[in-house]
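Build out the structure end to end from the sequences listed, making use of the hints.
Below are the chains, spelled out letter by letter.
Number of protein chains: 2
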Amino acid sequence: MKAVIRDATPSDMPQVLHCIKELARFEKEPDAVAISVETLLEEGFGERPIFHCFVAERSEEIVGIALVYFRFSTWKGRTLHLEDLIVTQDQRGKGIGKALYQRVIQYAYEQGVQRLEWVVLDWNQGAIDFYEHSGATLLKDWYLAQMEPHAMKAYLDRNT
Amino acid sequence: MKAVIRDATPSDMPQVLHCIKELARFEKEPDAVAISVETLLEEGFGERPIFHCFVAERSEEIVGIALVYFRFSTWKGRTLHLEDLIVTQDQRGKGIGKALYQRVIQYAYEQGVQRLEWVVLDWNQGAIDFYEHSGATLLKDWYLAQMEPHAMKAYLDRNT
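As given, the protein sequences belong to chains A and B, one line each in that order. So the first sequence is numbered by my numbering: it starts at 1 and just counts up by one. So the second sequence is numbered by my numbering: it starts at 1 and just counts up by one.
Be aware that a few hints might be false.
Given that identical chains are not distinguished, each listed pair holds provided it fits within a single copy or across any two copies.
Calculated pairs, BS3-like style, for lysine-lysine (alpha carbon to alpha carbon, straight line, at most 25 Å) [what the hints assert, rightly or not]:
1) 98 - 140
2) 28 - 76
3) 76 - 153
4) 94 - 140
5) 153 - 98
6) 98 - 2
7) 98 - 21
8) 76 - 21
9) 94 - 21
10) 2 - 94
Please keep in mind that the hints were generated in silico from the structure rather than gathered at the bench. Since this is a predicted model, take the numbers as computed values, not measurements.
What follows is the structure, given as structure tokens:
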């Protein structure tokens, strides 16, 4: 039976979180997932949702997710960011990732955004080849900068 | 007279666009700015604003901008992305960029986000040093992937 790709509902969120945590365990960072089901419900289904989630369902089980949200480019206008595309380990190699990827591209195109964007690790050659073959362009001369709350606090304490 | 950092209003948008276009000309991509004042008004001040803009004002003139929006990490929850921080050319070297940067950090901290993030070109050593000194961490092993509308269309045509 093929997996069905559909919009996630609030009642999917426990299984969605399960997918996120499984991936974190696989990446040897089991404690990195600080969010809860409540976080997903608040941020995805509240008064002002900041993300949209697709799920792949097979036999009433969530076997994959794709999570996207809008961003804004001062050159291009509204863009769509693909934050995560996950297929549970025992369901890989069945075309589920590709079906989710295609749904995200369709959504981006329907929404009329000027760009779909995401990030990929520079050593993940399989993914890089797949993305480039699908028509994506890779920008290799940017670094991601991140500041955590404790660093924000320290900076503000030093400068105010 | 010091520049004042404040939230942008709809009536600032023509001058904000002017800053964006000046930077694009400086970067030798004068035609890259596809957005209009209407885009900024719709996306920043409509029913569901997707960005927040700060401006630096001196003598009733906008001399710098910082544009931010929320993102969502499946590990961390809500984060804030700094999309652009611009100081007009003839006003550089006066601490305006630093004042905007500090305001953005303060905003991120007040909003309780789990991370402030942005990107920087890998050859821009002056900026990299400034960011690292301020407490940011740079991730150097990611590529940015982008897909334009014509490539979305081509992918969908091939796969549906």
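Point to revise | Structure versus earlier hints, numbers of those that do not hold, lowest first | key: 4
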